[in-house]
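Engineer: Sequence:
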Amino acid sequence: MDELMFSHAKIERPVRWLALAGFMGTGKSRVGWELSRRLLLNFVDTDKVIERISSMKISEIFEYYGEETFRAYEREVLKRTTHLDLAVVSLGGGAFVNPENRAVLKARGPVVVLHASPETIYQRTRKSDRPLLKVDDPVGRIKSLLAERAPAYAEGDIHIHTDNQPSEQVVLEIVEKLWEYRHAQDSRSGQ
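In the numbering used here, the protein residues as written are 68 to 258.
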């Protein structure tokens, strides 16, 4: 209870809501958690919310019901998160690829896209149970998916590379870029 009350303390923040997008293994969950602590915001991991409401792991949803069902859950959860205040929302790797999701998210607040090389992504995800990487050539699959998703990811407001950087450094870089984003927004609106 104290933690929730503390997260709503009156402090100067660059933003009150933001989304973290990017491919799996770029650090969205870890960086999102640390960023939320730094900015005294609540943290929402959309994949964890989907697992909670479906009572299944993401890999099980893919296996038993397919990607379409997972994406339907994802769309619903994303719409709900845009109504939150004081939140860092970590998106699933493919969430920002959907044009409808992109429009909803960008209308709500800044979208920070985390990037990493295919090799880094593979090293970070190789021991996990990722449905999209259950193939003979996972690095090739990562490269293919990154190329496919690149135009969507390019529409993010802020871009951060996470290769060879500790999460604390990534968080500091994001905070700096969020302040720049806010100042640019304030200038456009004449504040």
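The hints are simulated quantities; they were obtained by calculation from the structure and are not laboratory data.
Quick reminder that beta carbons are idealized off the backbone N, C-alpha and C, glycines included.
Please note that a few of the clues may not be correct.
Stated by the list, open to error - With a Cα cut of at most 30 Å, we get these calculated DSSO-like pairs of lysine-lysine:
#1 201 to 244
#2 244 to 146
#3 124 to 201
#4 210 to 244
#5 173 to 115
Said to hold, decoys possible - For each label pair, taking beta carbons as the anchor points, the in silico distance ranges come out as:
#6 249 to 150: 20 to 26 Å
#7 152 to 202: 36 to 42 Å
#8 242 to 193: 47 to 53 Å
#9 235 to 167: 32 to 38 Å
Engineer: Now, for every hint given, state plainly whether the structure supports it.
Structural biologist: Going through the hints against the structure:
1. 201 to 244: violated, 35 Å
2. 244 to 146: holds, 25 Å
3. 124 to 201: holds, 15 Å
4. 210 to 244: holds, 27 Å
5. 173 to 115: Distance of about 22 Å is within 30 Å: holds.
6. 249 to 150: 20 to 26 Å: Between residue 249 and residue 150, where Cβ atoms are some 21 Å apart, the hint holds.
7. 152 to 202: 36 to 42 Å: The hinted range 36 to 42 Å holds for residue 152 and residue 202, with Cβ atoms some 40 Å apart.
8. 242 to 193: 47 to 53 Å: Violated, since residue 242 and residue 193 (Cβ atoms, about 30 Å apart) do not stay within the stated range.
9. 235 to 167: 32 to 38 Å: Taking Cβ atoms as reference, residue 235 and residue 167 lie about 34 Å apart, which means the hint holds.
Consistency with the previously given hints fails for numbers 1 and 8, ordered from lowest to highest.
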